[in-house]
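Peer 1: Which chain is which? The protein sequence lines are A, B and C, in order.
Each residue of the first sequence is one higher than the one before, starting from 1 at the first, in this note's numbering.
Each residue of the second sequence is one higher than the one before, starting from 1001 at the first, in this note's numbering.
Each residue of the third sequence is one higher than the one before, starting from 2001 at the first, in this note's numbering.
Hints in this document: simulated from the structure, not taken from any laboratory.
A couple of the hints might just be wrong.
To be verified - Using 30 Å as the maximum straight-line C-alpha spacing, the simulated DSS-like pairs for lysine-lysine come out as follows: (1) K300(A) - K1370(B); (2) K300(A) - K1373(B); (3) K2186(C) - K2165(C); (4) K1460(B) - K2121(C); (5) K1445(B) - K2113(C); (6) K1460(B) - K2186(C); (7) K1445(B) - K2121(C); (8) K2113(C) - K1460(B); (9) K263(A) - K1409(B); (10) K1409(B) - K300(A); (11) K1409(B) - K352(A); (12) K300(A) - K1371(B).
Claimed, not checked - Sample of chain B residues at the chain C side, in silico, Cβ under 10 Å: (13) L1054; (14) S1414; (15) A1417; (16) F1419; (17) M1422; (18) R1424; (19) E1428; (20) E1430; (21) S1437; (22) D1441.
Said to hold, decoys possible - Covered, in the sense of this in silico footprint (three residues per stretch, anywhere, with C-beta under 8 Å from a C-beta of chain B), are these stretches of chain A: (23) 15-22; (24) 309-315; (25) 319-325.
Glycine included, each C-beta is placed from N, C-alpha and C at the ideal position.
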Amino acid sequence: MGKYEDKSVKKMQLGHIPAITWNRLGMNAGTVEGDTSLNTHIETKFEALPEGVTVSELSYAEAQKWLLANAPKEEAESVVAGKFPMYHPQKFATGLGQEFDDYLKDSGEKIELFEIGDGITARDAIRWDMDFRNKNKAITGQLVHVGRNSSLTLIMSYRSDKEAEGLSAVSTKVVLEEGAKLTLVKVQLLGGGFLHMDDIGAALREDASMQLVQLELGGKETFAGLQAELVGRNAGFDAKVGYVALEDHRVDINYNVVQRGRKTNCEMTFDGVLQDAAAKRLSDTIDFRRGSRGSVGHEKENVLLLGGDIINQSLPVILCEEEDMEGTHGATIGQLDDDMLFYMASRGIDEKTAQQIMVRARLGAVAREIPDENLKTEIHDYIEEAFRA
Amino acid sequence: MADQEIREVDRSLYDFKDDESQGFFRMKEGLTREIVEQISQDKNDPAWMHDFRLKCLELYNNMSVPNWGPSIDGLDMDHISNYVRSKTDMKGSWNDLPDDIKNTFEKLGIPQAERESLAGVGAQYDSELVYHNLQQEVADQGVVYTGFEDAVNGEYSEMVKEYFMKLVPPTDHKFAALHGAVWSGGSFVYVPKGVHVEVPLQSYFRLNAKGAGQFEHTLIIVDEGADVHFIEGCSAPKYNTANLHAGCVELYVKKNARLRYSTIENWSKNMYNLNTKRAIVEEGGTMEWVSGSFGSHVSYLYPTTILKGDGSHCEFTGITFAGNGQNLDTGAKMIHIGRETSSYINTKSISKDGGVSTYRSSIQIMPTAKKAKASVDCASLMLDDQSRSDTIPAMDIRTADADVGHEAKIGRISDEAVFYLMSRGISESEARAMIVSGFADPVSKELPLEYAAEMNNLIKLEMEGM
Amino acid sequence: MSQPLLQVRDLCASIEEGELLHHVNLDINAGETHVLMGPNGAGKSTLGYTLMGNPGYTVTNGTITLDGEDITNLSTDKRAARGMFLSFQNPLEVPGLSLEAFLRNAIRQQTGKPLKIFQFKKELEATMDLLQMDASYADRDLNVGFSGGEKKKAEILQLLMLNPKLAILDETDSGLDVDAVRTVSKGIEEFQKKRNGALLVITHSTKILESLHVDYTHVLVKGKLVHTGDASLVEEINERGFEQFVNAAAGK
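The task is simple: from the sequences and hints, build the whole structure.
Peer 2: Structure (structure tokens):
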């Protein structure tokens, strides 16, 4: 599996899918091409945290211990029945996988633990903006713990100058107690020379719900991963993901939702735009485990192809060992359809403009879910700029 | 639906075996150069085929088994005699066949099928083609339908040499290499330019001897503007020793030609079915697959279509029913190369009694395939919570000028639908069977009537275990 | 007088979330037509489902007797075989199963005898004609892509083909235009008058009742049968609504 280009530089393999398919398709995992060395430490200072939220620092080892103690206990499967072993089973699973965890561990960076106790509704969102300078290469890790019947919104954004290069790596691990609600927003507006790796792992207890909005709009090479474990009854996960890849940029996304509890619910939509020589891999899995009676899982992918010799790889997987469930997957990959173009033309809009309108509409629909007006405006402007003719 | 009219099929019909000690010639069990040499000698291979077999043996020994599908650990290649053949020579008429073989076929219903004015029956008993008949009217049209050994050594040997294992090269995977080394029996079909064969050509395969593998080769060339339907039916008796089937099907669809290839596979439940099927379609040609997978212990089956010519088209319709002890990994592959090529995959999977069914596919759209269109529609049905059903469809699109759609659904039989049928006096098991048959209907619709009836019977039999 | 065709005694029924029917008593004699009315959510469909034995509804108390036989614990298909029929408010779609094949199966299972195909075909044709259904519907997948009206006609077609003793019609007239109601009514009339079938009609409106002779009208409120009257009660409710019964049920 692990390929070594050079004995000293190991190429990280991220986002392994839980049930692999033909190796020759090259879709079972993503390989990081860029330089993964680090040189910057990011200081986190919050002027005002919402009431009830505390922040503390843990070492990687302490963070792992914390997770083992606090995350809902689930047997770590190493094998999907009838399939070959899953790649690197983690104690607390994430979308990018074990190699990314090791990378975080080796960095020696501290992990920030955000906690909100029981029964608290944080009125304001935690907004964490990470502004990268040219050649900054940094990694951060967070644990987010939302107490019973509490709710919290965490908005993270990464940005730099348009021409800048560098590395931004983030690991976010989430534990939601009974009835907890988390809205997690991740917006990446980095420059065209950035390697960006964004990893999420989440475990949800009974009646907990998580809404995730993730926008990957910049960067040269982007890896985004999520694993959500819907452990408790009625746990719900909703993700809206948008991405853009232009020129020779790459986007690699691996989402894996494991539905264990009864009557759990999963809704995922992915909206993307590809152009020029851009490449993208999206693997997304809905995994119904035995006992997830009455659960529902839906996934939808829309990819707008704007021209060029793009590479679009899509692997929407459904794994199922429960009878009483309902799952669907849908994908639509293509250019703007002729009817739409004709409709636009009949209103005096040319093809180029029509494309811009559609890009804005698609990504705008994802951005609309973000509970922060300033950030929405920033995203809007970023898209305008990127698709200016 | 011809539900009532269908005769009841006793499952045990398929679980008979012949007295093995008589009239059989059995090879040493492992796979060595000696064995391959002997097969080659026995077949009177021309030199090129002899060399080809040895090359394949070497490839086979150097390749590893796939790491992504169901386990084939139960398969012990060292103890499978790769080649068993009956001493019976080719026969041109039913009456000339030895009685025990005739009995076997009779139990499988072959004579009836022939009586129903079918074009030709090439039935394979063990590894040897023992029965072969082509209706005069089809031969008169210039259609060639012969046993594969005959083709290798006969009038069409040059054509065979040109096409044999070019589409499925032995380097493709370990079992393709194995096939190249030990292939035996099978069919060769050539349909000349512009010829439309009105009735389907049929061939029956079955495995009989304990521990025997079957490696039949099917090569079909449909020349420009021609049109033919080929039906492959399989059924095998039950044994405890692992059985291996690694056949190979190569289909060439020329310009504006059309080929429909239908299979209802019902191997016994100890079979390892590692079959490789591939088609290449030239400009304006059409390839249609209809595939039903009901039997075998483990299956790896993904008929592949290379849409090479501009405007070529492929449709794949498939159903997989995995019951107790079965792990059936099936699907299709589409490779779009030509401009304005189009493909459509429509599959149904059913899992029951601990069975595992996996729908696995890949759609590849190459940069040259401008204006290509592909769509996939797959539905899975879970009949209990002891079974498993996975859907793993890959799409790899390398031009922006393409249009790809994918829909997958998984679910169960709705309680409400069962109640609705029961409120009209239908028993619960019957109601469930009717809903499952309905689920499979898009596939049976694609089959000739008697095959559709057979398939519905198979579904009924599988459902009865509830 | 002989025993009633259907006798419901002290019936309580629950779903996972709680009890929906409370101590319902109801007698229906052969050939009688009963109308069941009640506000939304009163449990009218629940009563239909419970009588027909939907496994989603558990009988926690009481008995259902058909023709003197206790059928409380009988499976749905056996109730159908003994002459009960339920017309669904939202008939289910069964892809791949044609209406005709379905009917043939159902009749064969009910009678336990091989079907006389020729006679069946003739009867099917005549009945579809009566209901102004195009003959092509026989070959179409059961309810798949049928309009609301077509689905209801298909329900009545099944009623007439299966010829039960007692038919429960659940909102058979809802969502139909005037012509469709007339056609469906014609089918029900045929069942009631020519075949002397008993009916329990769950409805909101009077349209479907115009051509039928109604013997009794029952009012169901919050899972309880609160009032029984004659045919005139239907008119009364249509003029004045359920308020008086709701208030009565609430003890006001």
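Peer 1: Identify every previously stated hint that the structure contradicts and give their numbers, smallest first.
Peer 2: 6, 11, 13
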